[in-house]
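Take a look at the letters that make up each chain.
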Amino acid sequence: MEPVSLIAVTVIGHDRPGIIADATAGLAGLGLNLEDSTMTLLRGHFAMMLICSGDRSPDEVRDALAPLTADGRLQVVAAAVPGEDPADVLGRRPYVLTVHGGDRPGIVSAVTRVLAAAGGNVTDLTTRLTGDLYVAVAEVDLPADADADAVGASLRDAGAELGVGVTLRPQETDVL
Amino acid sequence: MSVADWTEADLGVPGRVLTVVRAPAAGLSSPSPLVDPSAPEVVQLAADLVATMRVSPGCVGLAANQVGVAAHVFAVDVSQHPKTRTSHGTFVLCNAEVVEATRKEKGREGCMSVPDLTGDVKRATRLTVRGRLPGSGEELVVETDAFEARALQHEIDHCAGYLFLDRVAGAHAVFPRQTYL
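Chains as they are written, first to last, in our numbering: chain A, 16 to 191; chain B, 5 to 185.
No wet-lab data here; the hints were simulated from the structure. Quick reminder that beta carbons are idealized off the backbone N, C-alpha and C, glycines included. All the pointers check out, no bait thrown in.
Label-pair distances were calculated between CB atoms; the ranges are: (1) H176(B) with R128(A): 21 to 29 Å; (2) R31(A) with E101(B): 50 to 58 Å; (3) D162(A) with A30(B): 26 to 34 Å; (4) V59(B) with G117(A): 23 to 31 Å; (5) P101(A) with T23(B): 47 to 55 Å; (6) D9(B) with A132(A): 50 to 58 Å; (7) E187(A) with E101(B): 16 to 24 Å; (8) M5(B) with T188(A): 37 to 45 Å.
Some chain B residues well away from chain A (every beta-carbon gap over 10 Å; in silico): (9) S6; (10) P44; (11) E45; (12) G72; (13) H92; (14) V103; (15) R107; (16) E143.
Looking at chain B on its own, in the form it has when it is part of the complex (with noise of 0.2 Å):
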């Protein structure tokens, strides 16, 4: 199947909403195992990333994690953000990888586990992502560019136990978020 056809209605259990850890803790900036995308955990995992990910105002992708589980699992969907050319809709994938990656540019990315603090980054526009689903456990190979593609890298780099702090391209590419009300 194509990733663009899948919904979290496929994984056959509700999500629950969890709480979203904050730098410094630790589980962030370890490298996340490896899972069997069809164990029942790995499966309510992956409802639970979606359904946090939805309630998230701005959220547009969750590693888990950023939940406080160790698993190389994430939810991503762009399909509502500006920036998006290409999007897959909302879609989770177990143990991806980058099998291609072109075209960098810099971006300016924040992350809901460093809410105070936005950075530039260099990322590839255009990328090739394999990856496993969660539940089927079918090999999928995703295609995409633009905001798609840096959500992706993003999340991937969470699996890996990278910040985009890990990323910025200098000492001047790390800023506070600024909210002006």
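With the rest of the complex left out, here is chain A (with noise of 0.2 Å):
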């Protein structure tokens, strides 16, 4: 059996009715699996990124989904990319960080940057926009060794020099 690769495909720009079935229906007549995928409007764009597995070449995919870019109002990219491990999960402890105030550049990369320090790992990451109000949501994972208490007394240092509020709790999931 050939060995089944990974391609990942972005497809953004001028939303519409029907984007997602056109992208789809391309790849699925290359006989490829979608594996993973995500799509919203970013400021009224469309959005979406995906993996898919199948023993195809992302130019095959590319001339596949050419339909999509022929007006110039979306934009199509498609790479290989490798097979990845899951995510080790033992010994990582899941948070929701929130943070919002006053607009101003450089909120998100203030915050990450104490996360990082602290080898936090963004897994899931929200941003609004909504007149002043700017809000970031971010689901995040700490070393279970991690200090979650210092970690967010850190964040909300580095919220305080940019006058936004930053909270860090656990995240509670209900295991049914």
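Hey, can you piece these two chains together into the complex? The hints should help.
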């Protein structure tokens, strides 16, 4: 059996009904399997990223999705990516981080720099700007031996310098 | 007395409608100091909170720092809300704290001070709160559930300097408030 390769595909640009239908039809036509995907609207722009698997080359994917880009309003990128081992969740603890305050440049970089220094890994991030209010909510894995209270205090200090509120709390997971 | 028997007429002063401040106003992210419930300015503030809550469509609770006053006081009235089970009508509490909170459930919350966003927040659906009435200063224990429990936790959070944004369940738990007309 041929080795199965992974291809990362991003589609971004002007939103309209049918983009996902068109893009996934192109991938299905190549016999590719969707392994993981996320899609949202960013300031009204369609934005989708996905990983698909199958014995196809990125060039074949680009050719199959070429009709999407024909009117110049959507951009498609396809690239081969290596397989990744599942994240080592043992030895890590999930937290939720909220940052909110007046909009200014550098909020996310300042706060995530503190997280990185503590060995924290952001696993999901959403930011929103409404009027003057900037909000970032991140899901963060901290090493099990990290002092979460100390990390939270460092984050609040970094936030205070920027005039934004920062809270870090354990993510509650209900196992049923 | 029971908090359910209380009405804003007990305050003896007419309430004024105040302007509700919006995030990122700094006062929303700072803990509010405890108050003397019988101080005249606290009694007036209580009346103002009720009056402002009443004229704000859909408003089920309002904390003092939402009208720009740093004071551990809030008003609540969930009696007209469809998600309400137990309701104690309109009441104002000073220096309120959570005594017991159990049976957490996730629910979608909004806030007059964050008008463009909503978020999913886990809150206790069985709640016991202790606080003091404005005016008499009488200490009361309020036991409630469901939506009134959620509203009380939301308002007590305001008094501690927290918005619902500080409690949302994850990165995909904040939403633009949709208005379909």
